[in-house]
Amino acid sequence: MPTETAADRILSGLEAAPILDPHSHINPHAPTSETLADILGYHYYTELARSSGLAKEQIEPSAGPLDPKQLVANLVPTLERLDNTVQVSWFTELAQTFFGWEHECLTRDNWEALYDESAKQMAAPGYTDRVIKQTNLEKVFLTNDFDDPLDGFDTDFYVPCLRTDDLVFKLHTPEVRERLAKATGVEVGDADSLRAAIRKLFEHFTAKGARACAISLPPWFEPSAGYDSTIARHIAAGELGHVPGEDGELRPELYSFVFRTLAEHCREFGLPFDLMIGVNRNVYPDGVHQGRDLYDSRCSLKQYADLFNAFPEVTFPVSVLAPTLNQELVSYAWIFPNVVTSGHWWYSNIPAHIANDLRARLQAVPGDKQIGYYSDAYKLEFVLPKFAMYRRILAKELFAEYCEGRGWGEERAVELGLKVLRGNSERLFRG
Amino acid sequence: MPTETAADRILSGLEAAPILDPHSHINPHAPTSETLADILGYHYYTELARSSGLAKEQIEPSAGPLDPKQLVANLVPTLERLDNTVQVSWFTELAQTFFGWEHECLTRDNWEALYDESAKQMAAPGYTDRVIKQTNLEKVFLTNDFDDPLDGFDTDFYVPCLRTDDLVFKLHTPEVRERLAKATGVEVGDADSLRAAIRKLFEHFTAKGARACAISLPPWFEPSAGYDSTIARHIAAGELGHVPGEDGELRPELYSFVFRTLAEHCREFGLPFDLMIGVNRNVYPDGVHQGRDLYDSRCSLKQYADLFNAFPEVTFPVSVLAPTLNQELVSYAWIFPNVVTSGHWWYSNIPAHIANDLRARLQAVPGDKQIGYYSDAYKLEFVLPKFAMYRRILAKELFAEYCEGRGWGEERAVELGLKVLRGNSERLFRG
Amino acid sequence: MPTETAADRILSGLEAAPILDPHSHINPHAPTSETLADILGYHYYTELARSSGLAKEQIEPSAGPLDPKQLVANLVPTLERLDNTVQVSWFTELAQTFFGWEHECLTRDNWEALYDESAKQMAAPGYTDRVIKQTNLEKVFLTNDFDDPLDGFDTDFYVPCLRTDDLVFKLHTPEVRERLAKATGVEVGDADSLRAAIRKLFEHFTAKGARACAISLPPWFEPSAGYDSTIARHIAAGELGHVPGEDGELRPELYSFVFRTLAEHCREFGLPFDLMIGVNRNVYPDGVHQGRDLYDSRCSLKQYADLFNAFPEVTFPVSVLAPTLNQELVSYAWIFPNVVTSGHWWYSNIPAHIANDLRARLQAVPGDKQIGYYSDAYKLEFVLPKFAMYRRILAKELFAEYCEGRGWGEERAVELGLKVLRGNSERLFRG
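Protein chains in written order, with my numbering: chain A, 1 to 431; chain B, 432 to 862; chain C, 863 to 1293.
Worth flagging that the hints you see were computed from the coordinates, not collected in a lab. Owing to the predicted nature of the structure, the values given are computational and were not obtained by experimental measurement. We treat Cβ as the ideally placed atom computed from N, Cα and C, and that holds for glycine. One or more of the hints may lead you astray.
DEER-style ranges, computed between Cβ atoms [said to hold, decoys possible]:
#  : chain 1 : residue 1 : chain 2 : residue 2 : range
1  : B       : 737       : C       : 1129      : 43 to 49 Å
2  : C       : 1269      : A       : 112       : 48 to 54 Å
3  : B       : 831       : A       : 55        : 31 to 37 Å
4  : A       : 103       : B       : 554       : 55 to 61 Å
5  : C       : 927       : B       : 831       : 51 to 57 Å
6  : C       : 969       : A       : 134       : 36 to 42 Å
7  : B       : 564       : C       : 868       : 33 to 39 Å
8  : B       : 567       : A       : 120       : 48 to 54 Å
9  : B       : 564       : C       : 879       : 45 to 51 Å
10 : C       : 925       : A       : 268       : 27 to 33 Å
11 : C       : 865       : B       : 567       : 36 to 42 Å
12 : A       : 268       : C       : 1171      : 53 to 59 Å
13 : C       : 923       : A       : 268       : 26 to 32 Å
14 : C       : 1267      : A       : 55        : 44 to 50 Å
Just a few of them, taken from the derived set where beta-carbon distance is under 8 Å, the chain A residues facing chain C [what the hints assert, rightly or not]:
#  : residue
15 : 300
16 : 324
17 : 334
18 : 360
19 : 364
20 : 367
21 : 416
Hey, can you work out the whole structure from these sequences and the hints?
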């Protein structure tokens, strides 16, 4: 057996702490999977399979959803060829951990046995509790639609978070205004009614223990302070829903107005505002569900400087999609008291980028302003392998930078690691 | 002697496979060098010497080309000072391998002996065959002008590839239209005649075994779907050559039209379309031949999203010049089935960038969508040191990521490496 | 004791050479500190403390400057939490070296003893000489306002450098025109008087041994060759100070005109022109002194291509603020004879970025065109820990790239390192 190294001991120290996961898409009413299809149906697998040549009809037939087992049967021959990816390694790790799987590679020969065995285990009483226990998961934040009733689950474990993409970018659609009216009892037409409705949402969410407001933003977005007189006239006339625009992308001033109104309420209600910056939606329209979005690295945090200045009381945990933007994020968090680095989002969530990005953050961002990681998971089974990947990288970087580089003892390195891993989330999102 | 490590064994596994080089500028009628001047006259050396202060007159005198030996004599004193560069290390490796050279550094004292000895070896019968054998080279793709007759060489070893820069960006010049008319018998004026001419080119090239169409593209280029009515009128009136524009850079709609017409023919003829994205031509006009181009990192693959969507049947092996763009390339290849990562091009072709770029590709792009490397060489002697550099980096990354990181056996790592190194090229360019 | 490795021996070789520091903000009339407040008042600490939540009133009270000891007392509780940053590690290293401090971490409990002890040592005769000797500092370049009399200090050790930000970006303000008139005796109104005034400055500076002209530039700046007729009219009419513009950022043509006039004088007087590219001033107006500036990575060296072409006789040592721009810098220095890579500036000056940037430069930029490092220090005490950080990274990269990678002997690696570390500065700035 190999001897335990100092880096191993740092990793053990990080692994000993329960996980606080500050951003996910978990459905608290169905937090774990019923079959492998819930796991391999995750967009990370379906989109890679699609990218690797699997026909869309094999994944999302136009005739309607596939039988779960059939979906997995369709995916496996392609996934076999994707074993180089870190995404597939998440699957291997979770299957080994939760289902006692003993293979390294999912193949045409072994998938069905795993499918059947895992389905049995998933159906067994206490499965969700076992996943939570094996994951050592203390708390996980959700992503809730603004009109989510937030009923029927333990909001202390499944912490609500107000997701606001629809409000900002789709308020001009009748659908969203109707949903908003239904949720708040307020018909939104002008600035006052918008504020009244948003206030209702914040009251509802904070009463249910929400700990953050969140939004994903396209790379071209630049929230400006004002809006021009045409838009002002529309808003004043109660015609907020009728701000002209050729398509959904041409109403930036209205978007800014709603966005800043949300920031005002974050300030008033003491909620951090998670900004997930840089996603272009629907770049590949023929992709699978959630596998259509990409980014444009021609984007700068300079676009948010006015916002950061205007809301010094609001904490902005910032995630960036383009890894090139991480360098700006480090610098902005080094200067702005209200900018906090947050996780490694989506296309940045691979070890090559995490290691580089993390190293720069550790070296130059105040240690109490770094939210190390979140799972972004749709099913609880993914929290474990994703956090495990991150902790291995974190342990390695801590050892190299602080023990090897600066002569720190292991305990001091672990202490810093735990702050990044969960202490900062605990403090910043305590509400 | 140092013990052979697992990483060494992976490297040996990669080195054992014959090289398939999917992009070069080899002249099949003179594939190897006649003197060291053919080697050190490569723009990588002349431009570095120029950059390091050697006068242009010493390299490309206005009075006409230098005697080969004089050119080398002029270059050596500057090259001495460039031994830190990886470019010079290519030279050292090839001189040691092909000419039995025993020095490490080219100097004023030792260059002449090497010049004379290598010239003798180059003139010996079977020299080209020996280079091919020592390189273990199976096949090399060329870069052929659209009016290349493709006669007089073994197109199975020297695989033709239709280079289309002139067609897209210079069709408005009489010279290019005349060359096109001569090559195809079609006078191009309107859209139909353009299509007829391009079809002739594709017929000619595919009959001669061409396996790809290729083009290099400036960072500002964004191939749009349509063109406006003014251009349409010119094209309809058979005046395609008279689309107005202040200079060669101001006809983007015409460029787009020709470019998309080429993509249509790639679709019809089943040829991959190599896109080499990001070069600004003639940024340093006073530079040496081929040492005048640079890039602008304010560029995004978003500019090509419409193209990728419009031609799902065409495979686009994409190379990027700005290393910052590699991060987008990884993400686009992860989502778009028809986007394939391709090599490490030009300014990105140094170990510091290759290692970072390769690591991200291995972790996140389907293993069968990665064309690992091409030499871009003008003379066959360069295939060996360039591929050797790449294989060393690949072996190191494979070992760290898969053996050390995920517990894979060495054979499985080698298998993945060979797919990236040649298997994918074999499959994607099989025609 | 650990055995000395080859990398250690390379480091020793680099450490043995006296430091030549080609860019700093040292005040030659007060080069070292009087109390710890001069050290911890450095913007790297005050801005990180501010970013970490310390109120601005605790650092820069509106009522006027704090007593030095009180400032340190205010900063320490926050700095305690910043010990992960490399900036704080500079402090630890300098305190241990210059004051015999034996702690690792500045805390509420130990800061006062250090404050008192260091103040005593700073007040002792010969303190500055001791710092210079312990640093092994041979020469340090200054940053001088254009109207600095440059009197009363040893210009051979404290080498003057003409800083020109005010001239380029504030010549339209009466204050700067008055300062210029006072310094040169020339009232600037039109192009001729501007040239006359600038000539006087260059005469004054070079007479005092200045070795460079320098400027920091915003990311949007693109020095154009010409200026339009409106501006020409203003300049011709002697109203250079009245070029219209909504604010200081709207006079780019005037800026270009002054900037290029400076370049003309660099050419005539044989001074390198240090370009520090990419800073946006006052992005966080509520930040502490010098802690308000950031950058925008949407910037390209393409913006300077015309300049590099127009002034082939001027050496441009280029620093970039956005680490993403380093990749362009490597390529531009590889092509343009007059572009030299220069140091690791400000937000790029952290090991994570330095290591990546340095590796690419070593591999692809002529070894005699790399100015490795400068301290940018305001007090001499910082030269040692900053250069120490850089030399450790340089030694590691030299060992990995050249000894391990290419089989070089240690001496040859040290020789290259010394060229990058000081030889190139010596040659390029010899005047």
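For each hint, the structure was consulted:
The given range of 43 to 49 Å is respected by residue 737 (chain B) and residue 1129 (chain C), whose C-beta atoms sit roughly 46 Å from each other. A beta carbon spacing of about 53 Å between residue 1269 (chain C) and residue 112 (chain A) agrees with the range 48 to 54 Å that was offered as a hint. Checking the proposed 31 to 37 Å range against residue 831 (chain B) and residue 55 (chain A) shows it holds: the Cβ atoms sit about 35 Å from each other. Checking the proposed 55 to 61 Å range against residue 103 (chain A) and residue 554 (chain B) shows it holds: the Cβ atoms sit about 59 Å from each other.
Between residue 927 (chain C) and residue 831 (chain B) the beta carbons are some 52 Å apart, a value that agrees with the proposed interval 51 to 57 Å. Range check, residue 969 (chain C) to residue 134 (chain A): about 39 Å between beta-carbon atoms, so the 36 to 42 Å window is met. Remark: the range hint 33 to 39 Å for residue 564 (chain B) to residue 868 (chain C) is upheld by a beta-carbon distance near 37 Å. Checking the proposed 48 to 54 Å range against residue 567 (chain B) and residue 120 (chain A) shows it holds: the Cβ atoms sit about 52 Å from each other.
Range check, residue 564 (chain B) to residue 879 (chain C): about 48 Å between beta-carbon atoms, so the 45 to 51 Å window is met. Distance hint check for residue 925 (chain C) and residue 268 (chain A): the Cβ-Cβ separation is about 31 Å, which falls inside the suggested range of 27 to 33 Å. Roughly 40 Å separates the CB atoms of residue 865 (chain C) and residue 567 (chain B), a value that falls within the hinted 36 to 42 Å. Taking the beta carbon of each, residue 268 (chain A) and residue 1171 (chain C) are about 55 Å apart, inside 53 to 59 Å as hinted.
For the pair residue 923 (chain C) and residue 268 (chain A), the supplied restraint of 26 to 32 Å holds, since their beta-carbon distance comes to about 29 Å. Residue 1267 (chain C) and residue 55 (chain A) have their C-beta atoms about 45 Å apart, which keeps the hinted 44 to 50 Å range intact. Given hint, residue 300 (chain A) at the interface with chain C, holds; its Cβ is 4 Å from that chain's nearest Cβ, closer than 8 Å. Because the smallest distance between the Cβ of residue 324 (chain A) and any Cβ of chain C comes to about 5 Å, under 8 Å, the interface hint for this residue holds.
Satisfaction of the interface hint for residue 334 (chain A) is found here, the shortest Cβ-Cβ separation to chain C being roughly 6 Å, below the 8 Å cut-off. Because the smallest distance between the Cβ of residue 360 (chain A) and any Cβ of chain C comes to about 4 Å, under 8 Å, the interface hint for this residue holds. About 5 Å separates the beta-carbon of residue 364 (chain A) from the nearest beta-carbon of chain C, less than 8 Å, and the hint is met. A distance limit of 8 Å between C-beta atoms decides the matter here; for residue 367 (chain A) the minimum to chain C is near 4 Å, and the interface restraint holds.
At about 5 Å, the closest approach between the beta carbon of residue 416 (chain A) and any beta carbon in chain C falls short of 8 Å, and the interface hint on this residue holds.
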